[in-house]
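As a plain string of letters, each chain reads:
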Amino acid sequence: MTGSLSKSIVIWTFVAASLVMLSAPTIVVLGASFTAGNMITFPPEGLSLKWYAAISQASGLRQAFFRSLYVATICTLIAIPVGTLAGIALAKYRVRFGRTIQVYLLLPFTIPLIGSGIGMMLAFGNAGLAGQLWPLGVACAVINLPFMIWAVTASASNLSPDLELAAANCGAPPLQRFLYITLPAVMPGVITGSLLMFILALNEFLVSLLLVDARNVTLPVQIYNSIRSIITPDLAAISVVFIACAAIAIAVLDRLVGLDVFLKSK
Amino acid sequence: MRPSRAAYPMRWRVMDSLERIAGLLWPRSFSAGLPYLMLLPALLLVGVLVWGLVEIGDSSLRTLDTSTFLMSENYTLANYQRALNERFFTTVAGRSLMGSLIVTVITLVFAFPYSYLMVRTPSSALRKFLLVALFLPFFIGQVVRAYGWLIILGNQGMVNEALGLVGVSPIRLLYNYPAVLFGLVQYMLPFAVLMLAPAMTAIPAELESAASSLGANWISTFRHIVLPLSKPGLVGAGLVVFTLSLTDFAIPAILGGGSQDFIANAIYDQFFRTSDQGMGATLSLLLVAVGSILVGLVFMVFGAGTLAMGGDRK
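Top to bottom, those sequences are chains D and H. The working numbering puts the first residue of the first sequence at 687, with every later residue one more than the last. The working numbering puts the first residue of the second sequence at 175, with every later residue one more than the last.
Worth double-checking, as some hints may not be accurate.
Computed footprint of chain D on chain H; a stretch qualifies when at least three of its residues, placed anywhere within it, have a C-beta under 8 angstroms from a C-beta of chain D [to be verified]:
id: 1; segment: 360-369
id: 2; segment: 423-433
id: 3; segment: 439-448
id: 4; segment: 459-467
If you're looking for bench data, these hints aren't it; they were derived computationally from the structure. All C-beta atoms, glycine included, are put in the ideal place defined by N, C-alpha and C.
Use the sequences and the hints to build the structure in full.
This is the structure in structure tokens:
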């Protein structure tokens, strides 16, 4: 970066403010989870792990967490085959009405989340699926599907059509070409995409709130319901689970594709 | 002579039979249809959304009969009339639109220097740090982040406790309009930076050096070089931030405490408090329409390829 001192000062002031805004809630939740007091106070009343012990005893929170894991697993299991096939098809072939299909597949992003959620709530309700957990997994797969397709098509550019032709020339039939040539080439995209799908489904709040009834809540909804009454440190401890998941996801993502990929211009 | 087992190993046998099954299910003469077959599951999955929209459309044309609490059998446009005329809904819509506009401006002001530094810094460690700081909150989810803000800003929160130590009486920092806007800004910041960064990467650093070697100070370099060239990124980020803020539920619900409802909260209340499914569906459909127009604008500015998804590689 070139430029004067004043430029650095101005830019760094904004960036520092942004960093505080972005990180303050995370740091505070982390800190609050280790408090020894019964209330979240400032300055903290000393360190302890007692709230972690408390959440390991609280069956409500634990069950909510397992429900979230279940939903995220279903969402990922659906999104992997569906998104991979669609991504490869979009990247590899010249499809008729390709543009229309792309716009259609982007509907989950263009329709506001509350609209998608309400729509699926009415639709699943009419189909007699209301209150169950697995339709929520499907719903999460639907609303985040473009991420999966995007990740796969992005890595499908590594795939040279010559490779498949060469394999065919050596006598490999279609299925083998797909399994041994095409699939390995897009694998980084599949992993990135499924990671995104899993973590986003784990965190999904609004659609969970709309689709699931009060006895079957997922963890984000459970936290939401609890913070409306009283703020106790056990919620901070359970929130750390989300922070840990996010940190792991970022580490894996950085390892696999490098975070810098998001800076590239097309 | 007995053929050795290695000549036709198990793996090949399995593969060959799989090939044969695949060939039977989808003969070679169908191969032109293969891409469509591969797209079919995705098309069906997204079809769930279309089905949902149809259900919303259907509900929006029915009114609630307040004597029986059932939806009317016949279709009417009464809900749309109410949505556009009733004071309460126009107030909520106005508050959401105004709020999203303010949030968009503030977010862009903060996102611009952030992505500039992230793109231009020579230090890859700093770049990675800035990226991680961006992704961590993005992956943590809205509820946990809003919970963090409750701890910081609440009546017995950290800020007020700290003020108490120096003898200032507690200030009500939460459950008001600025709190919601603040929450939205920090929620939208990662989206805005990630949409701005590619546009900034596309600006050659030499242009800035050229401007400064011709005597421009950094402010005029920014005004005449960086700002105009990053306009596509700014427009895209602005539209995305505006749409997402306009339709957000969690931040107004948690940081607004029920007194600062946005459109999504009003929709939720129609369904779960008033139980007026028709009215809720009408508001949802209107919001979907506004959102689609905004995203349609993004597409018109950038082409559908930007947010997605390959297809037209050069």
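Unsatisfied constraints (hint numbers, rising) = none
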